[in-house]
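Each chain sits in its own coordinate frame; assemble them with the hints.
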Amino acid sequence: MSKQLNIKIKPLGFLDLLAFKNLIPTRKKNISNAAADLIEAAPPVNVLAQRLHPKAQHFVIEDVTFETSSAKTFRLVPDEESETGELAFFRPGQYLTFSFKINGSTVKRPYSISSSPNEALKGYYDITVKRDEGGFVSSYIFDNWDKGTKVTSSGPEGHFSYDNLRDSNKIIGIAGGCGITPFRSIAKSIIEGLLDIDLILFYGCNKKEDIIFYNEYKELEKNSDGKFKVVYVLAEEDLEGFEQGFITSDLIRRYTDIEKKSFFICGPQGLYNFIDKELVKENIERKFIRKEVFGEIKDIEKYEGFPQDATEERFNVKVHIGDDSSTIPAKATESLLVALERAGLCPPSGCRSGACGLCRSLLIDGNVYIPKDVDGRRMADIQFGYIHPCSTFPVSDVEMIVSREA
Amino acid sequence: MVTNDYQKEYDAVVIGAGNGGLTAAATLAGKGMKTLLIEQHNLPGGFATSFVRGRFEFEPSLHEISDFGPPEDKGATRQLLEDKIGLDLEWLRVPEAYRLIIPNEKGGRLDVVMPFGKEEYISKLEEYVPGSRPYVTDFISLCEEVVNAFTYLAESKGKADKNVLMDKYPNFLKTASYSLQDVLDAMKIPYLAQKILTAYWCYLGLGTKQVNFTIFAAMFYKYVMRAAYVPKYRSHGFTVALDKRIRELGGEILYNTKVEKILVKDGKVVGVETSKGDKIKTQFVISNASPHLVYNQLIYPKEEIPDIALKTCNARKVSFSAFVVYLGLNKSPQELGINEYSYFVYSTPDTNDIYKQFHELRRPTGQATVCLNNSIPDCSPEGTSIVYLTTLYSGDCWSKVEPKDYFELKNKIAEEMIDEFEKALGINIRDSIEEIEVATPATFASYTGAFNGSVYGYEPVPWDSVLPRMMCMNDEKYIKGLEFAGGFAFRCHGYSSSLQSGETAALLTYKDFMEVKNNEQTVEH
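Top to bottom, those sequences are chains A and B.
The C-terminal residue of the first sequence carries number 510 in this note's numbering, and the numbering is unbroken.
The C-terminal residue of the second sequence carries number 1092 in this note's numbering, and the numbering is unbroken.
In isolation and in its complexed conformation, chain B is listed as follows (with noise of 0.2 Å):
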């Protein structure tokens, strides 16, 4: 039952502050909705974050934001970021799109170092894969084609006109269904450059033959032609300026406290509740809480969950946890030999096979590796240098381990992440550890509390990619006032999309407030 005793009234009220909560309560304040963020730590971010172990600052989970562009080309990202949002920041460029190392490829070890650019990446795969070029360059149009088509799909709003898309995007439409490998072997590209094209795949979370075509096109199409940029002082850094900028546009943010209910009468929003006995009055909240947590654990009372949601709950998969080996190493990059930003070592050549690894407590065979560094000189002092390695495991992979043998088999785990880093670079950097954190998947979700600590979403299969998501966004919203953001939301996970998310999720919660409002003010006069 819920009852009148309110405390505080807000127009909207943001749960978490990790990447999607932020931008979502900025876009409400600055629209000036009365917002209020709540966030359950004492910082903001969420996964987007830092931490300081002797004189190293970690990055916690960015590699990379995409779709961010330099200042003179600005990328929807960095558009919201700068020019929506008003945040005064200073990006690096990361050098060099990737150098993916796969030791044990068909035909002989493959190491290639991609850079951005299209003609710079086309003409450096054609180096490496003599005769690929014709291939490349269609994909490359693809891809673009994809983006294009994503452009037009939402600024239509939902009223895409058929002929438009059937005339102008017609292999936009012809891919949006299939798998990443179905689009390669139907354009018949050839077997290495395979490999090269699809290096991120891992950023998504699913092997070649599982993971939707488009979303993997745009995200591809991003990195390569609009590079990739870092924040200088950690995601921190960000996040704390954002935090900063909401309270500027007049919005309210509640730290160390935790939104246990989402109160819902007759399948509307009416207020939350929070661990510090808070009682919130509202019609809107975005969540920035997976479907999964809210849903399950956070609608009160139970009978107001509709099925419908929890069957949608149910017929996703929940994408990976992460399990990184955070290093502080006394010694310069070039000392220890590590020359590019980002790696990517994959110990099998199908990407399908380390899909399935990822599902077992075994011996990791895929892990993106990044040395800060070399995008952010500075990051640590003269002489050290930041290493983290990343793989993916699922959380439920975890189920059998014993707190008595965590900690024994999560450093097990980062030797042989490190060992494998130092057999496909032929370095030594063990040696060199000043200082060394390891985060597995239980180290996640004790942090944010993510469902089986999983710092993606929904797996992007294709019937659960973005653009399903997108046309039946408005049949999915099962609760009046309630929309999400981050990396669970319509918009799939990572960096750029989780920001982008909020400012969504605001924008759809703003015109429902001023319906509502327009609504009220009719009956008064």
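Next comes chain A alone, as it looks inside the complex (with noise of 0.2 Å):
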């Protein structure tokens, strides 16, 4: 209870009682007297905030085309038939994360949008599939996708994007493979007077054949003013007009300076930690040197502090999706979100690559090795038993808690 007081205030003016006596009559006056109206309209806000990030957009494929024998580049337009009217608009080097069925079993897949946000207000977005050898989902898309499939993904998402307030308005691109797609998104922006960045981008492949969007660039080149231009790096081949290796920062100075410039990354796993190594020896800031997500790793016996008796193991995994539960199989060298993948159980997932948490589960039991640089986790996650599954390998039997598809 409330000790006894002793206030000594002064007269409080004109303030009286009489107002507090009509405190309750003047609530229930101003409630009658409100309109009983339904508010059936979503408010402003909310009508912004779905445009922005709608929860899905269906698209019909409206063109297929041949980037090389290996890439394909799909036009997606809104499906008629269904809510999408218009394309969410977008940050040049976002991605869409595409549903798909396959074998009864539901998989998603991030692709970088490779048109710009003005195409998307125009009415379509790009995405362009490499063929992965092995990849189950990119072969998939190959042989299946075609003029007139229908097609699901999310709304835009990722961090793979200039800002003007934390990065320099020159960038230097390192794109290797598939990578190349959001430094496509990238570049157009930069024609379109959207953003207002210069871009030097050293590209490497394979051979000159694998080259996406050779012919394509040299237009944007020509159309840039001098803020695009792309270095092709070709690690197989010694041909004219193209530099022969690896992107090594030697090779990159030779182009230009790196004070003070943005470095954006994206390619396959392989590039990352070759490209890790040239960065460190320059000694780069970390704020310039943004990096995209590249899905799932494919060689963790190779990471330091994984169990290398593990490595041909296969272990038992319990799972609890809302009220059902199920044991089933997975490899030491699989993420365990593959492994709910392949048993059919539609986990829900977004970046496979252990930042954005989609997959987030409880773990219950067993052990797992995480790799330190893809442990996106929040740090009561960590505490309390979180794992993300795509960045996440079993180590022993494990149990876990999984939420239900999003």
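I should point out that these hints are in silico values taken from the structure, not numbers from a laboratory.
Treat the hints with care, as some may be off.
Said to hold, decoys possible - Straight-line C-alpha distance at most 30 Å; calculated DSSO-like pairs for lysine-lysine:
hint, chain 1, residue 1, chain 2, residue 2
1, B, K735, A, K132
2, A, K133, B, K846
3, B, K673, B, K923
4, B, K923, A, K364
5, A, K326, B, K971
6, B, K755, A, K125
7, A, K422, B, K811
8, A, K159, B, K1047
9, B, K878, B, K832
10, B, K598, B, K724
11, A, K365, B, K977
12, B, K846, A, K205
13, B, K967, A, K226
14, B, K598, B, K799
15, A, K476, B, K898
16, B, K1044, A, K133
17, B, K832, A, K133
18, A, K132, B, K878
19, A, K132, B, K884
20, B, K1047, A, K133
21, B, K979, A, K159
22, A, K125, B, K1044
Computed from a prediction, not measured in an experiment: that's the story for all the values here.
This is the structure we're talking about:
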């Protein structure tokens, strides 16, 4: 109970009890005078939110272009039979997460948007897919997606985008293989005036025939007023007009100085492993290095600390989703997310690189290996035993609780 | 038409795992009720969460929790989380109340750092505004009376004795229906002292001429007397702990699931339906979603929506959404020259002008900025810091924004805020930005579905402040079995209020549940 107070306050002027007595009648009056209308329309900010971040976008494939023998660009337009009217605007460099039903299991894969945001306003997105040897989903897309196919994705996601408050407006892009796709969106945005930056792009491929967008980039360079330039670096061929070898810091320095410039890097895992070492040599501040997430780790056995005796092992994973429980097999060298998908359990997922946290699940029992550089978990999640299955590898039998599909 | 094909039955269902929903579910489960908490996201917390960019983990919405206190003198919120619910977490004391900078104050720049503690606060104010001591002492005593009166009202459970109120809390009654400015003026508090005393106004989202005095008094007093605290591992640290505790107490939680209908029959809750097709039988629902969302969108069938509930929604004003710039900086706070935890920078002296500007989509004139490292030194890697700058906007002033202009607009406003902060402190932070994220009202709306992106609740103007809400609680219970928790509930917004509102809603639900149970037993016997 509160103690007796001894307040000596000067008289509170005109303030009086009458107003207090009127407090409730005033409230009742305000309520009874208000309209009894139902607010049926979404409020303005919720409408804007829905336009910027739609939960799902439904498309029809309008056109398919062969970029190389192993890369195709798919042009996606809104599916008129769905609720998708307009395409969400995005930041050049963002991706869409597509859902697939393959052999009874639902899987998701992120693909960078290769067209520009202005083109989204005109009513289409492009995504460019490279057939990956042994790649289960990219092969599916290659064999099954065609003109007229209906596909579904998330809204635009990801953080591989230029930010004028953070980045230098002089960008050094580094792309390897299919990592070239977001740079097409960025380059187009420079030419269309959406991005006020200079981009010099170092693009690594094995052979000339593997280069995606070669002719298109020539055209974009011509129209860019010097703001966009590509340096092609071929690992397996020595041709005139092309650099031969790998994208080393020495090679980069031959074309541009690198002080206080922002590096944007996108490619397969091997590229990151290589570039990381080059940039360490140069002592580049972290703020000037932006890397796109690159998907699942395919050579986990090469990571420091991965238990080598587990490489050939298979484990049992007991999974609880809602009221359902099941036990599924999992390889030590494949992420728990892949195991869940193979078993047809439809787990939620997004970036597949440990970052976005959409697959966040609770590990109840067992041991796992999580490589440090793809451990994007929150600190409290680490404490409380949560994992991101897309970047987590079982090294014993495990038991986990997975959320329902989002 | 509500049919009877339920798949499951619970004693109570809680909609939304925000602060209020979590404490509600934990309290219900702790009372032994079979409880299901349903959350649309894959993690708990609502706005009380965290997100990771690069090597930084950001705090999305919390600045500091009031009414918390040290372990040896626990405030109500610490008591709730630790003693009643059973969390055992690390909390850190915020070092100072705030630094307030008003560059264009009448008579020149105002720049003060205010400490916690009654004596310390009064003495510091006397230093800045000589002669203010007696006035400020009176003001704080009045605030204390307000807090004690609220405690009495809560303890008397709706049966407050008028004579006790008149006898012990006369100044509370006198001020209860007035604005903060009315009381400041009535007490003849010197102008500059007023400016310093009212710095926290933006946490209530109303200028001094509009905000009810008693709610401000209670907030101010609890901050200054009990200091403020923050959780060691961001808000996600305590919301994930609440998730665990709810399950330990026997409660269940369904994530990635959205409640789409609250089924009502003859004015009583009978169940809920979800986006995943679950149809759950229950007589009790606690909604962490606002009355605006519940009455306009969730009650099913629509004929069950009482007109008076819609009138109540439409009479009230949904308060602001937020605009937050999150910065991961590659220098330490000392290197940057950021020495305090909490900054209020008001570009124009009059709070009521700033309130007006919050309704217009232009350069922000008020910001509350936090440097997390100054309470949690190791919240980011050594040699780095986390700073976040917050301002408020009404949802409506974003109505004309087109998606194609959105990204440019948000960086423009972010830059203006950074600029204002840099100028106020005479420092440079923009060259040290390693990570940046900007949340707008659309981000908040997208994340929780909050009505018009509001991160607060209803505006606590005098007729809709805590006291009248409390006094009308029974009259305004429009559907049997339905209670509200969170920022839109009767305690008003803010972390402490939201957390405590969940407990209140749970206790009210439990009382009704026991009544129903006892009646059923009487019938059976």
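Against the structure, the hints:
no., hint, result
1, K735(B) to K132(A), "holds, 27 Å"
2, K133(A) to K846(B), "violated, 39 Å"
3, K673(B) to K923(B), "holds, 19 Å"
4, K923(B) to K364(A), "violated, 41 Å"
5, K326(A) to K971(B), "holds, 26 Å"
6, K755(B) to K125(A), "holds, 25 Å"
7, K422(A) to K811(B), "holds, 20 Å"
8, K159(A) to K1047(B), "violated, 33 Å"
9, K878(B) to K832(B), "holds, 21 Å"
10, K598(B) to K724(B), "holds, 19 Å"
11, K365(A) to K977(B), "holds, 23 Å"
12, K846(B) to K205(A), "holds, 27 Å"
13, K967(B) to K226(A), "holds, 20 Å"
14, K598(B) to K799(B), "holds, 29 Å"
15, K476(A) to K898(B), "holds, 23 Å"
16, K1044(B) to K133(A), "holds, 17 Å"
17, K832(B) to K133(A), "holds, 28 Å"
18, K132(A) to K878(B), "holds, 10 Å"
19, K132(A) to K884(B), "holds, 15 Å"
20, K1047(B) to K133(A), "holds, 23 Å"
21, K979(B) to K159(A), "holds, 27 Å"
22, K125(A) to K1044(B), "holds, 22 Å"
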